[in-house]
Amino acid sequence: MDRLTVALKDAADISWGLPFILLLGGVGLFYTLRLRFPQFRHFRHAIQIGRGKYDSPDDPGEVTHFQALCAALSATVGVGNIGGVATAIWWGGPGAAIWMGMFGVFGMMTKFASCSLAIRYRVYDDQGHILGGPMESLTRGLGKRFKWVAVAFAICATIASFGGGNMVQANEMTGAFTDEFNSKLPAALSASLPILGVETSWLRILLGLALATAVGMVIIGGIQRIGKVAGFLVPFMAILYVLGALTIIFYHIEEVPDAVGTMFKMAFAGDVTRKAAGGAVGLTLLQALTWGAKRAVFSNEAGLGSAPIAHAAAKTKEPMREGLIAMLGPFVDTVVICMMTATVIVLTNAWKEPVMTNGAILTKTAFERGLPEGISWIGRYTVAIGLILFAVSTAISWSYYGDRCVSYLFGSRAVMPYRIAYVTVLFLGANVQAKFVWNFADVANAAMAFFHIVGLLGLTSVVVALYRDYFSREQIPLDQQREEASE
Amino acid sequence: MSRISIASFVSPAIGLVLFLLIPREAAISSSFLVWFAIAALLQATGAVMLLVKQPVRWTYGVICFWLAAACYMGGYSDLHLQAKALTGTDEATMAVKTTIVYLQYVMSLLFVAVFGSLGAVSSREVQESHGLEIQDTTRGRPVHD
Numbered sequence: 206m207d208r209l210t211v212a213l214k215d216a217a218d219i220s221w222g223l224p225f226i227l228l229l230g231g232v233g234l235f236y237t238l239r240l241r242f243p244q245f246r247h248f249r250h251a252i253q254i255g256r257g258k259y260d261s262p263d264d265p266g267e268v269t270h271f272q273a274l275c276a277a278l279s280a281t282v283g284v285g286n287i288g289g290v291a292t293a294i295w296w297g298g299p300g301a302a303i304w305m306g307m308f309g310v311f312g313m314m315t316k317f318a319s320c321s322l323a324i325r326y327r328v329y330d331d332q333g334h335i336l337g338g339p340m341e342s343l344t345r346g347l348g349k350r351f352k353w354v355a356v357a358f359a360i361c362a363t364i365a366s367f368g369g370g371n372m373v374q375a376n377e378m379t380g381a382f383t384d385e386f387n388s389k390l391p392a393a394l395s396a397s398l399p400i401l402g403v404e405t406s407w408l409r410i411l412l413g414l415a416l417a418t419a420v421g422m423v424i425i426g427g428i429q430r431i432g433k434v435a436g437f438l439v440p441f442m443a444i445l446y447v448l449g450a451l452t453i454i455f456y457h458i459e460e461v462p463d464a465v466g467t468m469f470k471m472a473f474a475g476d477v478t479r480k481a482a483g484g485a486v487g488l489t490l491l492q493a494l495t496w497g498a499k500r501a502v503f504s505n506e507a508g509l510g511s512a513p514i515a516h517a518a519a520k521t522k523e524p525m526r527e528g529l530i531a532m533l534g535p536f537v538d539t540v541v542i543c544m545m546t547a548t549v550i551v552l553t554n555a556w557k558e559p560v561m562t563n564g565a566i567l568t569k570t571a572f573e574r575g576l577p578e579g580i581s582w583i584g585r586y587t588v589a590i591g592l593i594l595f596a597v598s599t600a601i602s603w604s605y606y607g608d609r610c611v612s613y614l615f616g617s618r619a620v621m622p623y624r625i626a627y628v629t630v631l632f633l634g635a636n637v638q639a640k641f642v643w644n645f646a647d648v649a650n651a652a653m654a655f656f657h658i659v660g661l662l663g664l665t666s667v668v669v670a671l672y673r674d675y676f677s678r679e680q681i682p683l684d685q686q687r688e689e690a691s692e
Numbered sequence: 005m006s007r008i009s010i011a012s013f014v015s016p017a018i019g020l021v022l023f024l025l026i027p028r029e030a031a032i033s034s035s036f037l038v039w040f041a042i043a044a045l046l047q048a049t050g051a052v053m054l055l056v057k058q059p060v061r062w063t064y065g066v067i068c069f070w071l072a073a074a075c076y077m078g079g080y081s082d083l084h085l086q087a088k089a090l091t092g093t094d095e096a097t098m099a100v101k102t103t104i105v106y107l108q109y110v111m112s113l114l115f116v117a118v119f120g121s122l123g124a125v126s127s128r129e130v131q132e133s134h135g136l137e138i139q140d141t142t143r144g145r146p147v148h149d
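As they're listed, the protein sequences go chains A and B.
Sequential numbering of the first sequence, starting at 206, is according to the working numbering.
Sequential numbering of the second sequence, starting at 5, is according to the working numbering.
With the rest of the complex left out, here is chain B (with noise of 0.2 Å):
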């Protein structure tokens, strides 16, 4: 198994174990646990369709992580209007506003995760591992070669 299905299949389990562990404030809601669970479904199911090297299956699995790099994205938003949301200034909408704080950072973590995963399987080896081939498509003529 490579190392980009491993970080995909590892790093949702840690984003959800944090998840887990810090304490939940009653006022915040789960929706962005919804946007969580869509994006590691994506972010393994990329990582299973890698493990065949075909020109199909790296397709799909870019394609999967790019999906689960816009869901992150779509927690880390829930979690940005949840904050937003709370105007006040007294001691429980502070806690409750550092907790927000926190899973944005896991929230954040896991989409710099997928993303560079993404970015490995891009590379030019992964691609002809795959048995995809590079190709020119500049209109223009190169300064160097």
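Only chain A is shown next, with the shape it has when bound in the complex (with noise of 0.2 Å):
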């Protein structure tokens, strides 16, 4: 089992390894190129369809814009945006800061192709239900020869959907609550209480059917639920982080541009103060980009072929719209987000530390570190919240892409088993170190991104036609449309 483990490891480390980020960074940039930078000139379009300005109750799909937004954004928005940037700012030093927020910007692209192609190609399942994401663009897109693609790409993000989405989440959850609140509970519900040969608390167990119970009644609801917790939940843990990172960025605001500096430069020119984690100038720069890249494709996702599942729920009739509010998601995720965490670890330099055990750790103590002493428990607090209700709100949407994919592969009669599978598994991650099937999930995870770029690459040119078709029309708001109409 031991070797098995570490095969394992090595496995998930090769597939997350190089050749896996120049993929996803040369699609992203490919489809930027190609648009030439549709993420900057039609970025004001993107909120104006986030605000619901084209929003039509007549048109087919199962959840607004926003909601379909959210929804992918609590999948995303995760423990990589806590933990996943301390750790790549202590490898790859600040400059991977800088590449990771570049990879957001590019990562922009692949979301918004992939979400685009996610509407033209969703079909209605055997229960009325919206099914679309990179297994429908695959065999409806690129033809039957494409079958096993779609199939292989289905069985990788079911599994997935247990792994990252469920029992690292649960793990995350539990880690952290326990961590911040175990000194202030009763000795009794933490003390050690082993079970068929697993130690767990209590406190565990209590957490994990809490977790359960309440991922199970969110997921009970469908995607219509989905969206309305996530609409919710997404923009008050989002807007709680940052309000967090910008008071620390406000009391150090002196340091700011010291530490925007550093950062851009170590981006380009290599931290060569760790001399033990590269050595030559050339590689401490890669080292930047490596992590950088690296951190920011695990936190937005962008290109694994999740998201779109969500987005093709969506109510439109255009395919682009939803591309172009998909876009913002990287946005969010990656350049907002990670980008403060960032700032907050570089200000307080928390990377300056000798070692890390833990990434979300690391971002404790640079939170924590940030505000004066008497009220430091505030930054912790932050980022123990962020982390429990991340994890939480993760679990919920990564449900509905594993639902839809089994639904793909068998029916919709197997979404019920699915769904009582899924919280099961998600109190035994509350319970359970299990370090191979995160492995085993993560090699997954990457398999799903590497047969959804198929497709992304083989349907270039529906996307462009698609582009050029919705933006040589004009594109008149709801709004004014009716008061046009009025008149």
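Simulated from the structure, these hints should not be mistaken for lab results.
Careful, some of the hints might be misleading.
Away from chain B, derived, C-beta distances all over 12 Å, residues of chain A [said to hold, decoys possible]:
(1) D264
(2) I324
(3) G579
(4) F676
Some chain A residues flagged as far from chain B (calculated, every beta-carbon gap over 12 Å) [what the hints assert, rightly or not]:
(5) L240
(6) E341
(7) S388
(8) P399
(9) I425
(10) F441
(11) I454
(12) E460
(13) E523
(14) P524
(15) T562
(16) T629
(17) I681
(18) D684
Coverage of chain B stretches by chain A, computed from C-beta distances (three or more under 8 Å per stretch; other residues unrestricted) [as the list claims (entries may be wrong)]:
(19) 15–25
(20) 75–88
(21) 98–109
(22) 126–138
It should be emphasised that the depicted structure is a prediction, and the values quoted were computed from it without experimental measurement.
Just so it is clear, CB atoms sit at the ideal spot from N, CA and C, and this is done for glycine as well.
Dock chain one against chain two, each of which comes alone in its own frame, and use the hints as you go.
Below you can see the structure in the form of structure tokens.
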């Protein structure tokens, strides 16, 4: 078992290695150049779509543009935004943050393309619910010879939903909770409790049950309930976390230019102070790039093919509109939230810590150190509560991804057994340290992207045609259309 | 000759030049070059297959590209495991590690190139030009069309 675990760890490291990162970054860069930087040119239009100016209740779909964006965002805004950023900066130096932002900008285009295709090729399943995403884009877009690619994608996404989207989040949430509140609770709750060879505690069992029940109650209602809950939870948790980070940034406002300067300098010149981690300047530069890119991809999931499944449910007739709103996902996730975390870590010099056991703990140290002693607990709780909320919301949204893939593979009759299995595994994830499953899920997660990218590249002409058609027509907001009609 | 075929001949050639240009440390095993050689051969074979516009040639060409991508990943994995085996932090070990990182970059770029070609030949236009029929295989009822 140990050898298998080590082999899986290697497989996970390799599959999330350079080829994967360059491929995902490359696809984003390709679409950016091919469509001439739409992430900048149409940013305002994307915001207008998000504000509901083009929402029509008569359009086919199950949730609004904003709810679809929040459902996708709730899956991506997670542990990666807190712990992942710290890991990238500790290993790659402050310059990694700049590369992370850059890959976030390219990721906007990968998500734009994949979500446009998800709307273009979505279908109704046998229960009348929307079924879309890479599995439909591959088969309907590229034809029957790509059926096996679509099936492989759906299998990998289902496996990944149990790993990164489920057990990892449950484990992180209970970990963050016990870490923060253990000392304030009765000792009997946190005492070690071995069950069937697994070291757990009453606290973990209760937290697991609470999490499974809460998530179960949401996912049973399908994408409509997920969209409603995410529509409330995502803005709330993002604002809470960003406000916490902004408080620290404003408190250190005089040091911000220096910190940003360090980040830019080290992005292109490398961090030569880290002799042990690198050596030559060229290598330290590559380390900054690699770690920044790796964590950006991990955090915003652009190119993985997960978000298009949620965006496929949006109420719209225009594939491009969903693509445009979807591109805001990597912007919020990586360019805003990850960069906030990075700035706090650099401002407080937490990245210079000689040892790093866990990325989330390093971020917590930074948030605690960033505020004066009397109120440093605010920083600590911001990270702890952020971790808990991010983990819960990620678990909710990933269930929908698995749900749709299971429906694609076995029909809608398999959806309810899947949901029951999902909440059961969520409970287990809160109680066990399943490194084996995590690595397995990591490999499945990367494999999803490889299969998905074939579709993204093969359907370039479709995306370009949809883009040209959409922007060749004048886009008038719905309320303006009504005003004009009444006149 | 199509752009995909030209790219499939050119990219392994550039890769070979880069591998030769990077100063090799004695401690690095050449096994990754075997992976590279097989991948390059498969990529070139795929490119040759795609020169003739027939459905069967397209199928074999695409299979060759998939296998070439897998072999480039094999070469990258080989280098990854070699780097992992190096535990020291002395200057000599760091020099070997640095070289491995450069080699990994070349292997990764080759992987991206073959994957790009795979994506390009998968397009509807290329499939149709090889006489293949694009069929809608969905079980569900399309929302749009």
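Structure-based check of each hint:
1. D264: violated, 10 Å
2. I324: Check fails; 7 Å does not lie beyond 12 Å.
3. G579: Fine: 42 Å to the nearest Cβ keeps G579/A off the interface.
4. F676: holds, 18 Å
5. L240: holds, 16 Å
6. E341: Given a closest Cβ separation of 6 Å, the condition is violated.
7. S388: Given a closest Cβ separation of 38 Å, the condition holds.
8. P399: Fine: 34 Å to the nearest Cβ keeps P399/A off the interface.
9. I425: Holds, because the least Cβ-Cβ distance between I425/A and chain B comes to about 22 Å, which exceeds 12 Å.
10. F441: holds, 31 Å
11. I454: holds, 34 Å
12. E460: For E460/A, whose nearest Cβ neighbour in chain B is about 32 Å away, the distance exceeds 12 Å, so it holds.
13. E523: Given a closest Cβ separation of 10 Å, the condition is violated.
14. P524: violated, 8 Å
15. T562: The claim holds: T562/A sits with its nearest Cβ about 20 Å from chain B, beyond 12 Å.
16. T629: holds, 28 Å
17. I681: The assertion about I681/A holds, with a minimum of 21 Å to chain B.
18. D684: Check passes; 25 Å lies beyond 12 Å.
19. 15–25: violated (count 0)
20. 75–88: holds (count 7)
21. 98–109: n = 7 at 8 Å, threshold three: holds.
22. 126–138: Our answer is that it holds, as 8 residues pass the Cβ test (under 8 Å) against chain A, meeting three.
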